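Engineer: Spelled out from the first residue to the last, the chains are:
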Amino acid sequence: MQINENLLEKLEKLSNLKVPDEKRSEIEQQLSDIVGFVENLSELNTDGVEATFSTVESGATLRDDVPAQNRAVGDDILSHAPKAADHFFIVPKIIE
Amino acid sequence: MITLKEALTLNPGELDEFKQDLSAKIKASNLGAYIEQHTGEAINTYGSGVPVLIKDNIQVKGWSITSASKILQGYIAPYNATVIEKMTANGLAAFGRANMDQFAMGSSTETSFYGNTLNPHDPTKVPGGSSGGSAAAVAGGIAIAALGSDTGGSIRQPAAFCGCVGLKPTYGRVSRFGLGAYSSSLDQIGPITQTVEDAAILYDILSGHDPKDATSAKLAPDQTAKNLNPDRKLTIAVIENFLDQAGDEIKTATRNAIKALEDAGHTIIYKNFSNVEHHISTYYIIATAEASANLSRYDGVRYGFRKEEGNLKDMYFDTRGEGFGDEVKRRILLGSFVLSSGYYDAYYLKAQKVRHLIKDEYNKVFEEADLILMPVTPTTAFEFNSKSSPIEMYLSDIYTISLNLAGLPGISVPVGKDKAGLPIGMQLVAKAFNEQTLLDGAASAERILSL
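So the protein lines, in turn, are chains A and Z. The numbering of the first sequence is my numbering, which starts it at 2 and goes up by one. The numbering of the second sequence is my numbering, which starts it at 140 and goes up by one.
These are computed hints drawn from the structure, not numbers from a lab. Accuracy of the hints is not assured; some may be wrong.
Counterexamples of contact, computed for chain Z against chain A with all Cβ distances above 12 Å [said to hold, decoys possible]:
(1) E153
(2) Q362
(3) D370
In silico DSS-like pairs for lysine-lysine, Cα to Cα no more than 30 Å straight-line [said to hold, decoys possible]:
(4) K84/A with K209/Z
(5) K11/A with K209/Z
(6) K452/Z with K84/A
(7) K14/A with K209/Z
(8) K19/A with K446/Z
(9) K24/A with K526/Z
(10) K390/Z with K526/Z
(11) K144/Z with K225/Z
(12) K452/Z with K11/A
(13) K94/A with K209/Z
(14) K526/Z with K11/A
(15) K446/Z with K11/A
(16) K372/Z with K410/Z
(17) K14/A with K452/Z
(18) K200/Z with K84/A
(19) K452/Z with K24/A
(20) K357/Z with K498/Z
What the simulated footprint calls covered on chain A by chain Z, stretch by stretch (three residues with Cβ under 8 Å from a Cβ of chain Z suffice, anywhere in the stretch; the number is not a length) [what the hints assert, rightly or not]:
(21) 3-11
(22) 18-28
(23) 32-44
(24) 61-74
(25) 81-89
Quick caveat: nothing in here was measured; it's all calculated off a predicted structure. Even glycine gets a Cβ: it sits at the ideal position worked out from N, Cα and C.
Bound-form chain A, shown alone:
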C-alpha cells in the first residue's frame, strides 16, 4: 500500500494538521513502509474471532450520576489559555 500525495492530503484533513512541504515525500515513504509492515497481519486467520476488545474483563465500572464541578479548575485553565476573556476561550472569527 503506497501512501501518495492524495492520500496524505486526506490524512492531513482527518488529522487536522499540516505536514510541511520539505517533509512530505519523507513522511509518505515512512507511512508507506509502516503500512506495508503491518499488513503482515493478513497472514493470520481471524475468522470467527470477536472484534470487540477490552482488557477490562467486567467492562468499565459505573458510578452514580452525581453532578460535580470544580470551578477553580476551570478558572485556572482559562487563566493559562492562549486567549481567553469573560470566562470564554477566544478563537479566530468563524463567520465573516
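Take the given structure of chain A and dock chain Z to it, following the hints.
Structural biologist: Just chain Z, lined up with the frame of chain A:
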C-alpha cells in the same frame, strides 16, 4: 543513593538535608534526565515528603506539564493526578519533571522537545524510552525512585537499558486520572526504582480503585511490600523462541539467570509464542488509532501553544503542524489512516481480532505457569541517532508490547551487563492482578543474582 525504603525512615530534618544534597547533585549532573536540567529552572516540588521524580505526562498541580512537547508549552496543570494525591498522602513528594519521548511516543527519549537524556552507563547511548528520564535518574544516582508510564514498554525498556527495576502494573490496577492519554486501552502508570522491594512499596501506594478513572478496577490498594516473599517457589515459563531471537549477550545473560532460578528451586518450563512481528503490527495499529483520537484535544484553543495567522481551520492545522514533533505527527496520520473509511476493516478491526489471539496465547501458557519469562529488549542500549527508520525503532519494542495488548503486569529486573558494561534486563510477566506473584519472582531473581 539510599533506597525508597530507607528514605521513608528519615526524620523531617534529615529529609530536608537530603533534598538539598539531591538538588545540588542534579545541578552538577549532565544526564539531562530532569527537564529542569534542560531549562535551567529550579527543581519543581510539590509537598514535603520523600522526593520522587515524576514523568512529564503526569499532572502535578501548578507545574508546567508538557509531555516533553512544544504544543504544551505554557500549559500549567490545574489539578493533581490521582497517583500524586496518593503519594502525597503516603509521605512521598513529587520532585522534578522527568524527560521523556514526546507524548510517550518513542523508545529512546530522543523525540523530547527539550533534548536528549544520556544513559548513565555510557553517554553515547540512549537511556531507552519513553520514560528515559525516569530510568536514567534512578540508575544515575540522582533520584530515589520515579514514576513512569508504559504503553508498549515505556517503563520496562528504559529500566532494562539503564539497569534498574521497572514495573508495569495490570491494566486498571493504578488510576490514570491525570495521565496525559496516549493509547487509552494500553497506558498504565508504574514505578521505576533501585530495588524490587522499592517497586513494591511504590506500587502499593499507587494502586487501588479510583472513581475518577472509569477503567480503574474495583480493588483496594495492594499490599505486596509487606508480603514480599523471595522464597516462594514458582513455575516459570520461558518463551524460548523470543529468547532465541535476542542478541547473543542478552541470550547468555538470560540463560544464566534461568539456570540460577532453576538451581534456587523454581520449576522452569519452555513455551513458544507466535510471530513477534504480528505483535508489533497489532500494537502500532491500535496505539496510533487511539492516539489520533486522544491527541485531537491539542488544538491551540484551550491550552499550550497556539499558532494563529488565519482562520480557525488554519489555526488548527498550523498549531498542530508546528506543535507536534515528527514522530507524533506520523502516529496521528497513521491512526487516521487505519480508522478511515475503506481501511478500517482491513487494519483496525483486524488488529483488534489479533489482540484476542495474543491474549489467548498468554492465557494458555498461564494454565501451566505462575510467571512468564522473556527478554525485555533484543539488544542493550543503542547509540543516539542509530535507528535509520521508524520501523527499526519500533522493532526495539518487540518483547514488551504484547503485555500491554493483553493488559498484563510485567517487570524488568537487571540480570547482568554486556562486554561494554551496559545493563541487561530480564522480563517477568504475571496473570492479571497478580502483582504479588510477579514481585515475589522478581525479588527471588534479584536475590539470587545478588545485584
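Engineer: Now look at each hint and say whether the structure bears it out.
Structural biologist: Consistency of the hints with the structure:
no. : hint               : result
1   : E153               : holds, 35 Å
2   : Q362               : holds, 22 Å
3   : D370               : holds, 31 Å
4   : K84/A with K209/Z  : holds, 17 Å
5   : K11/A with K209/Z  : holds, 25 Å
6   : K452/Z with K84/A  : holds, 16 Å
7   : K14/A with K209/Z  : holds, 21 Å
8   : K19/A with K446/Z  : holds, 12 Å
9   : K24/A with K526/Z  : holds, 18 Å
10  : K390/Z with K526/Z : holds, 22 Å
11  : K144/Z with K225/Z : holds, 17 Å
12  : K452/Z with K11/A  : holds, 15 Å
13  : K94/A with K209/Z  : holds, 25 Å
14  : K526/Z with K11/A  : holds, 29 Å
15  : K446/Z with K11/A  : holds, 22 Å
16  : K372/Z with K410/Z : holds, 19 Å
17  : K14/A with K452/Z  : holds, 10 Å
18  : K200/Z with K84/A  : holds, 21 Å
19  : K452/Z with K24/A  : holds, 21 Å
20  : K357/Z with K498/Z : holds, 22 Å
21  : 3-11               : holds (count 4)
22  : 18-28              : holds (count 6)
23  : 32-44              : holds (count 11)
24  : 61-74              : holds (count 6)
25  : 81-89              : holds (count 4)
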